[in-house]
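Chains as they are written, first to last, in the numbering used here: chain A, 748 to 1088; chain Z, 748 to 1088; chain C, 748 to 1088; chain W, 748 to 1088; chain L, 748 to 1088; chain V, 748 to 1088.
The hints are simulated quantities; they were obtained by calculation from the structure and are not laboratory data. These numbers were taken from a predicted model, which means no experiment stands behind them. Some clues are possibly wrong.
Note: identical chains are not told apart, hence a pair may lie in one copy or across any two.
Computed list of lysine-lysine pairs in DSBU-like fashion (alpha-carbon distance at most 30 Å, straight line) [stated by the list, open to error]: (1) Lys-834 / Lys-928; (2) Lys-928 / Lys-835; (3) Lys-967 / Lys-907; (4) Lys-1087 / Lys-912; (5) Lys-974 / Lys-834; (6) Lys-1087 / Lys-934; (7) Lys-1000 / Lys-928; (8) Lys-1000 / Lys-975; (9) Lys-757 / Lys-928; (10) Lys-967 / Lys-835; (11) Lys-931 / Lys-835; (12) Lys-757 / Lys-835; (13) Lys-1000 / Lys-931; (14) Lys-1087 / Lys-931; (15) Lys-967 / Lys-912; (16) Lys-1087 / Lys-1000; (17) Lys-1087 / Lys-834; (18) Lys-912 / Lys-974; (19) Lys-1000 / Lys-757; (20) Lys-912 / Lys-1000.
Number of protein chains: 6
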Amino acid sequence: MQKKSGNTGKVVTFGEVLMRLSPSENRKMRQSNSLNFFFGGTEMNVAASLASFGLNVQHVTNVSNDHVGDAAISSMRQVGIDVSAVKKVDHPLGIYFLEPGSGMRASVIAYNRLHGSFANITPEDVNWDEVFHECDYFHWTGISPAISEGAYQTLREGLKLAREKGITVSADPAYRSNLWKYGKNGKEVLAELTGLSNIFIGGVNEINEILGTDFGFEEKEFIAASKKLQQEFPTIEKVFDKVRTGVSASWQKVYGRAWTGERYLTTAELEITDVVDRIGTGDAYAAGILYGLRHFEDQHTLDFANAACALKHTILGDANLVSVEEVQEIVDGSTGGRIKR
Amino acid sequence: MQKKSGNTGKVVTFGEVLMRLSPSENRKMRQSNSLNFFFGGTEMNVAASLASFGLNVQHVTNVSNDHVGDAAISSMRQVGIDVSAVKKVDHPLGIYFLEPGSGMRASVIAYNRLHGSFANITPEDVNWDEVFHECDYFHWTGISPAISEGAYQTLREGLKLAREKGITVSADPAYRSNLWKYGKNGKEVLAELTGLSNIFIGGVNEINEILGTDFGFEEKEFIAASKKLQQEFPTIEKVFDKVRTGVSASWQKVYGRAWTGERYLTTAELEITDVVDRIGTGDAYAAGILYGLRHFEDQHTLDFANAACALKHTILGDANLVSVEEVQEIVDGSTGGRIKR
Amino acid sequence: MQKKSGNTGKVVTFGEVLMRLSPSENRKMRQSNSLNFFFGGTEMNVAASLASFGLNVQHVTNVSNDHVGDAAISSMRQVGIDVSAVKKVDHPLGIYFLEPGSGMRASVIAYNRLHGSFANITPEDVNWDEVFHECDYFHWTGISPAISEGAYQTLREGLKLAREKGITVSADPAYRSNLWKYGKNGKEVLAELTGLSNIFIGGVNEINEILGTDFGFEEKEFIAASKKLQQEFPTIEKVFDKVRTGVSASWQKVYGRAWTGERYLTTAELEITDVVDRIGTGDAYAAGILYGLRHFEDQHTLDFANAACALKHTILGDANLVSVEEVQEIVDGSTGGRIKR
Amino acid sequence: MQKKSGNTGKVVTFGEVLMRLSPSENRKMRQSNSLNFFFGGTEMNVAASLASFGLNVQHVTNVSNDHVGDAAISSMRQVGIDVSAVKKVDHPLGIYFLEPGSGMRASVIAYNRLHGSFANITPEDVNWDEVFHECDYFHWTGISPAISEGAYQTLREGLKLAREKGITVSADPAYRSNLWKYGKNGKEVLAELTGLSNIFIGGVNEINEILGTDFGFEEKEFIAASKKLQQEFPTIEKVFDKVRTGVSASWQKVYGRAWTGERYLTTAELEITDVVDRIGTGDAYAAGILYGLRHFEDQHTLDFANAACALKHTILGDANLVSVEEVQEIVDGSTGGRIKR
Amino acid sequence: MQKKSGNTGKVVTFGEVLMRLSPSENRKMRQSNSLNFFFGGTEMNVAASLASFGLNVQHVTNVSNDHVGDAAISSMRQVGIDVSAVKKVDHPLGIYFLEPGSGMRASVIAYNRLHGSFANITPEDVNWDEVFHECDYFHWTGISPAISEGAYQTLREGLKLAREKGITVSADPAYRSNLWKYGKNGKEVLAELTGLSNIFIGGVNEINEILGTDFGFEEKEFIAASKKLQQEFPTIEKVFDKVRTGVSASWQKVYGRAWTGERYLTTAELEITDVVDRIGTGDAYAAGILYGLRHFEDQHTLDFANAACALKHTILGDANLVSVEEVQEIVDGSTGGRIKR
Amino acid sequence: MQKKSGNTGKVVTFGEVLMRLSPSENRKMRQSNSLNFFFGGTEMNVAASLASFGLNVQHVTNVSNDHVGDAAISSMRQVGIDVSAVKKVDHPLGIYFLEPGSGMRASVIAYNRLHGSFANITPEDVNWDEVFHECDYFHWTGISPAISEGAYQTLREGLKLAREKGITVSADPAYRSNLWKYGKNGKEVLAELTGLSNIFIGGVNEINEILGTDFGFEEKEFIAASKKLQQEFPTIEKVFDKVRTGVSASWQKVYGRAWTGERYLTTAELEITDVVDRIGTGDAYAAGILYGLRHFEDQHTLDFANAACALKHTILGDANLVSVEEVQEIVDGSTGGRIKR
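Isolated chain A, as found in the complex:
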């Protein structure tokens, strides 16, 4: 595994921590009387994965000032995330209820997040200057600015300071249309924030949303879209996309592709025939990209991210609790399930 002359500062992530509650044994909610829970949220998932990879990671968020918030903090600490910038406030933690699908039955999510501790965050809650001390990467997604005006403003302040400090910014600016209830135009906001970023984790859909274009799915369309994106937002250096084919909720295929600014790269397709948990697989991909950008060349980065994404499908919960070695074994083709003793 070829090492790149690496960054050594910490990675900072910003976003909502959600409690995920889901029935076990493929039960529907109304058949169940107990729920498993995990703490997740797209940006925390990236943080957890990076911490599992051994990086120094800090997550910035607000949690509730009660035993649920305590549990959220414990959960972040458990995976090794620095929680020193997590603030406890008098609003409940965001929640989502996941009814996991199986086979042809899709997973269904019900959210309770729009009045929670993160939705109530404001720029006053975060001391970005302190947070960015010895930081060299900052990661954000399109979920945070969609939650509330305060979340958007808080993120924007962070991004602006990150730019000033020369911190590399990665963006996963997916547009989730059923959020964005507080009055802002989501696509415009995502465009604005993409303009403050360096690494774009997304594909033609995301680019089309932001630019108002209608690029198609094919390789050359993806390349054209990426170039167009760089033209509009010159800070963007690279575009990393993930392509998924769903045979069923239990059987998925994924591969990665990228535009490095110079070259088009792609990976082999990995197939997961017995999905354990579909949530957070995109975040696992993003974490793979971030780890790769610090340690590998681009092709290795893309292969690593796709393997991380595929491996996440076998891990229960929101975060990809695997080591660099475990991901690398998938990259190296050890997918036959031989027992390690």
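Mind docking chains Z, C, W, L and V on chain A? Use the hints.
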């Protein structure tokens, strides 16, 4: 989804409610120290599915006069079944112990039902006239008359009154040879009761059992058998069959076919590669037929029933706890397991 | 058990249905990875207990339009509550997280309810006229008007119509100071609504809150307070109080006392040395009062309510899922735990 | 611990093996979706306890010829019971559903046993001659002859042969009035079988049932009753009684008393303030008696049996899975719960 | 099923009993707070499978003299293994922690066994002469001599006596390189012990390890290797190999091949698309061989062993708890998962 | 709560981290098929409690280099312990199996620790100089030097350096006679190490073990013993004792007493009638002392420690996961179990 000028009365089902007890985590009974339980039984499963589809459904049965019977009633109420004609009697509720199979290992069922509350039912226990108030569909299966003389007589009285009242009767007259211990000739009884029915849910096997014929599996044999059935039992309007191929206990394929009295219809085959629960899939099909007959044309009915049957393989327990919308999505081809947020 | 010439109409309750989530095995939230859940809420608890007593009960509320709301409805149906006036709306169901105490460690509750489906209820959501058809009792508590302006207005409309229709109204007007965030003065509101009620379930604390008085705990103070309450609110016919002594979270003592308008009544103290669940014990008392008012004389009513309250401490979950016979056995002194075969 | 010149042959027990199914966490059946299970039955419980004490024990019964029967056999083997005389037959295993009580709430049992594998036993199913090879103790209870004519006849044949072979017979002839459905007069049968026994495990209630007397509870009444019993049934050598006071389902007190034919003996009362499982405590007492009769003098036997009974209240399931040493520690007063490392 | 003129004596196995601890629901160890446990170990697994096939089997080992050792003995008794030669000693029972894999994620095992009760076994702990009374088969594997000098010496004494007594010895002499910490050369030891054996369960890898050869995988290489093995160790009569292809941890394919001394035999490949438990599948194969050698001709033996191995993938835990009939059904092609009622 | 002019540096603890495995629901090990697990160990328990109190705490130990060790580290991080000095080595983590007692049945522990990762620690594994950076308290117990020569030497080096650096050292030097297998005289070692300490957490038993004296239990004996201890080991400033009375495993009473060098102090006795978990209650006391010494006067310290000890009996697992506020409420007399909303 094209609506048929619909029936608006309630559906009535009649049959044993069984407590199903089964180990979790693929354990064999002797490896386990706890059992999950569900209440089911082929006719109650149809009722539960129809209630989940939003219909007004009443189930007629006897349950035990103890906390197990209370739980059975609670369970029916929970899914929305009208239990006002359920009687509590001093005999234990029927039980079955299911050791769920996996892969090439078959599921194994052990019954304890032949001296239970339903086996002790008699015509005096049911006020059919009251039950059939504002009812326009009645569903029975070949299991009920196989349990005991009393169950047979009770059902027969119901069927005769249903005929008188012009209620549409659907029959699922499977012949289960290891029941029928009380002295009656099962095939003769099923023939008699089929003669009181309008919709036949079954295929060449069931027709052969009842008529003593030996039609083969092929399409034209199925059509010939259906016609012969209608010839013998002129009340039968339509025949709906379900064809299953088992790759393993965990991997099944199903499609439906029908003789509408005028045309042969068939559906695409649906494949379930990760079966959660195989029990009650036939009942899900029957419920799909009943729902379809009230709301759709025949082809849509058949597609809907097959999709319902396939979807049931992903639902834990005996009953198909899904909505019309969830089934329709499968009919419409959304089987890739995309998360619904 | 002496029967009173009884009311035969239904009982209506109004209030929030909350999902309760709590760790098992005495775990703290941060030690746990799964949560048991129940649906409750003070008024639904009363409804569930009355349904278990065999009464016809309807609960009026809004739930979320998702699988959590479906589960809430299923749960109400399961215990036999009429859910025909439950409305599904696009706001999440209220939740509370209970970390159950043990011994000297108190239970701790964290709420997430102030922006939920019930908090968003408005008078337009309830057709009180239809609800009160064939109703002769209506029960409310001080929680509902504390949640939101809409909940207050909806309740007030109901109460006014109930008065017009001559429905007996029971009030459990506890003042919960950490609610009442929407701007109204809680004590004034409770006074207003008490003025529309007939049965007061509460003691000197509740009377003091509403009247601004400072009666003490002793018998004659309780009597004086009750008389004062009747003086201020002439519709109030009877006052039922419940007195609790907590040795620890696991060891509680309860007795009841009442002012019938004419006499002071009291019960023996019942001791619960191994509390299973402390939640909903007051609601069990209220349900005992309501049942008693329909079936018993006042002393029997009070004894029955206190026994119901005590018995609830042995039942897991929010609602007192016991029969009239089970409560009566406690009234009759069968508390030694002899096995019933 | 003083040893008596001991018997070395095996102990034989005869009786139904029941599957016990009960909700966990103090749930009521209708609140639960899973059940713990154990195999028990009064005579098998005695066998299991004796096997845990290190004796050679054989249990004689019929079980179902299915995976439930397999599990029952596995369970007996697990505790070290010789199952070589257990026969598999085509009737379901007997079941009981236990809703465990707590505090003032009593445990409730619902049986499903009257048409099971044991109810269908006949003398042809047991080769008593082979069973009694190298046996020197035989234990029976009043449950077996209450189940069915066949069970009664099978037991009677065993008892007669045991008498012939000079095997010591212990009887626990409790009269359970809600059994005895097959036509025999239970009290007469118990009297007949007591006449074939040597050790009587029971008190004045049991003696009164059998003799039609009405002795009171006091010591001298117990002595008089015992003497009367010996007068009527000269084979009876000793009478061992167990006295229980139930504070609640969770708080019990027990002591033992005996008539040795010559002397009245009694034990200190042991108090169990946190009952884990009340089932099988009488069987634990009986096993203590049987073990004591082989190893100890009478006072030690009585103390040992009472300690075994008390200790069983702390053991989950039907059988007293404790060692002689664990019981002896209670006899010796080590009841303070000091951790053994 | 064609019967061979059979051996009727018992089978003896020797080896460590390990407690296996593993998270459920595909959790990683650090995500879990509870662990399922089973007792296993390669030779005990063979014993358990043979006992489930109905053979008389005795297992020889040391376990810990504590409640873990008690549980291990209970577990062996439960499946019907004779434990009369199991010794309890003052060293902890060996343990392994299994993090079960899924899909492309491999299972990971962490051992704690090198200072346990079995590692401390010495020849003085086993009375081989008594053990071999009425024994006609003895089975050993390459794990036992790898654990400690004492285990090696104890096994060697057993093998030498087995040879003297004419007992058929089967060897599964896999070389596990990460064991063998106590100083002996593993390959030399395995060669020595193979020289005392009659049936070789292993393939070219195992032969190459022992002989220092480098035969390839192909059929003729396998035959040549087998012949070479017989040349070096003339007591070896037959060689049974098992060939596995891992698509993923959840999807495996297996077939068997053998050199009977005269002929090359092979089986159809069986495919397991939903692996429940991969552990002990080789032991299930070995048990199939041992059962077959006593009851079937060689081709049937090989087919039976391969079917047993395949079926074990569907059974939770270490041991193949299936009957001869269940295996034979797979041999006969009933792999479609039809429910057995 | 009166604050003492406080220390602000971190607290360091040193000792083995054990995985605790125990059946749930009061099961005996041989009745169970799953085990709950926690990570604990007397010194880590102190660290966890102090971290829950909000202190900066670092734990020094070796863990296994496998997924069990990973889980141990995660568990320490979760509660907020600094794990930067935890080393991963190629020996298995120590384990103990706890069969929890109930009522008169004692808890039973089986250890597997004498060849584990901590037993293999050597002075080379710890950089004490780095560890003690900004540390002002160091805590040790008598367990660590009892495990192995290496553990003893490593601890002694730490203690000597702590003395040099003026760090306050607290000792909990219980003599556990069934450890000390490696050849050293335990009492002599404990005396030596006590001579390097400042705070003695122990009573007359511990003093008698170390000094070879035979002081009695009474107050004046305790004072005399404490004075004698100070005479022998002049560095000892204060002696804190904890007195326990066990009514049963489920019912315990505790109070504290101390010799401050000048005064005898004692607390009220606290009673726990429903013990959830008895393990780690002494460690909770020690943590209370350490916290108190930094924040309170002596009497408050003693009251706080006793309350912490009592509260721990209500917490599942080894560590006292409670806040300072929760303990203080017990000190303030809020033990009645009122629900906190």
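_Hint numbers contradicted by this structure_ = Checked against the structure, the hints that fail are numbers 3, 4, 5, 7, 9, 10, 13, 15, 19, 20, while the rest are satisfied.
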